[in-house]
Amino acid sequence: MDEIYHIKYVDAYYSYAKKLGRVGLATHDAHGYVKKNGRNIVVAFIKSKKARGKEEVALGLVVPDTALIPKKNTTKNKILEKFKVGMLLAVTWRDIVIFDYTDSRNECSIMYTEGILFKTKDNLIVLKDPETIRMSPVPVRNHPMKKPRYYIIPRSLVTDITVIK
Amino acid sequence: MATKKLLDKNNPENTVVRVIFRGKFNDKYDCVGVLVREEKKMIRIAFSAKDNKMVDFLDVRKSKIVSIGIIHPSAIKNL
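Just so you know, the protein sequences line up as chains X and F, in that order.
When you number the first sequence by the numbering used here, it's gap-free, plus one each residue, and the end is 165.
When you number the second sequence by the numbering used here, it's gap-free, plus one each residue, and the end is 1079.
Hints listed in this document are in silico derivations from the structure and should not be mistaken for laboratory results.
A few of these clues could be false.
Okay, derived cross-link-like pairs now, DSSO-like style, lysine-lysine, Cα gap no bigger than 30 Å in a straight line [to be verified]:
1) X:K19 to F:K1028
2) F:K1062 to X:K35
3) X:K49 to F:K1064
4) X:K49 to F:K1077
5) F:K1062 to X:K165
6) F:K1041 to X:K49
7) X:K119 to F:K1050
8) F:K1009 to X:K50
9) X:K147 to F:K1009
10) F:K1053 to X:K18
11) F:K1050 to X:K18
12) F:K1040 to X:K49
13) F:K1024 to X:K35
14) F:K1050 to F:K1028
15) F:K1064 to F:K1009
16) F:K1024 to X:K121
17) X:K128 to F:K1028
18) X:K82 to F:K1062
19) X:K54 to F:K1024
20) F:K1053 to X:K19
21) F:K1064 to X:K121
22) F:K1040 to X:K35
23) X:K128 to F:K1050
24) X:K54 to F:K1053
25) F:K1024 to X:K50
26) X:K50 to X:K121
27) F:K1077 to X:K8
28) F:K1062 to X:K121
29) X:K147 to F:K1053
30) F:K1005 to F:K1024
31) X:K36 to F:K1077
32) X:K119 to F:K1040
Throw the hints in and build the complete structure from the sequences for me.
Take a look at the structure:
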């Protein structure tokens, strides 16, 4: 983990606003030492140097490979094409994680959101009145703890969708 | 460690640096990021940003720095 990278990526976010204004995806970027772990990009911001040359990530980030801009993100995720606004959906998606040495991570979180499909754009979906839980890693927990009104999820992070109603 | 000024505010490009510094218990740390602030006694390294606004960063006291160097843009890879 010695090579230095600059990565650009998209991330999901939520809103407590009653009325959702214009939605879009912000460009996130990060510098660090990068290691690939399957479909996960582990970015070490700070490495701690241990005895006998051993290294540990003291602060880092795990990004799903599909979150990267522009390479992976230009492939259109067609998973959503058959779903219509107003449907109650269950969406499984991969989330970006920031971690420190107390909770070292090599994989992104797997999230599960139930909500009403409110809006779709080329690169994102908006779920209204969403309820989100982090499925992996355990323990399973709500995210965020207080339910937002909208969840905006990049299409490229979505791995599965089913209709509830 | 006394360091000369690395941050050129007139340069529109990011100054990416690698910093090795000592922690509280004299343990060593190695980090890479954008040098965004340089003062008499401390520097600020930004690790991530959202729409060009800094999100994660670290302030390092200059007295704790073991070494610091600018990373040439050609040594920075993109994914």
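We went through each hint and held it up to the structure:
no.	hint	verdict
1	X:K19 to F:K1028	49 Å, violated
2	F:K1062 to X:K35	29 Å, holds
3	X:K49 to F:K1064	15 Å, holds
4	X:K49 to F:K1077	23 Å, holds
5	F:K1062 to X:K165	59 Å, violated
6	F:K1041 to X:K49	24 Å, holds
7	X:K119 to F:K1050	23 Å, holds
8	F:K1009 to X:K50	35 Å, violated
9	X:K147 to F:K1009	43 Å, violated
10	F:K1053 to X:K18	26 Å, holds
11	F:K1050 to X:K18	24 Å, holds
12	F:K1040 to X:K49	27 Å, holds
13	F:K1024 to X:K35	27 Å, holds
14	F:K1050 to F:K1028	29 Å, holds
15	F:K1064 to F:K1009	24 Å, holds
16	F:K1024 to X:K121	48 Å, violated
17	X:K128 to F:K1028	47 Å, violated
18	X:K82 to F:K1062	57 Å, violated
19	X:K54 to F:K1024	19 Å, holds
20	F:K1053 to X:K19	25 Å, holds
21	F:K1064 to X:K121	48 Å, violated
22	F:K1040 to X:K35	34 Å, violated
23	X:K128 to F:K1050	24 Å, holds
24	X:K54 to F:K1053	33 Å, violated
25	F:K1024 to X:K50	14 Å, holds
26	X:K50 to X:K121	47 Å, violated
27	F:K1077 to X:K8	12 Å, holds
28	F:K1062 to X:K121	47 Å, violated
29	X:K147 to F:K1053	26 Å, holds
30	F:K1005 to F:K1024	25 Å, holds
31	X:K36 to F:K1077	14 Å, holds
32	X:K119 to F:K1040	50 Å, violated
In this structure, the hints that do not hold are numbers 1, 5, 8, 9, 16, 17, 18, 21, 22, 24, 26, 28, 32, in rising order.
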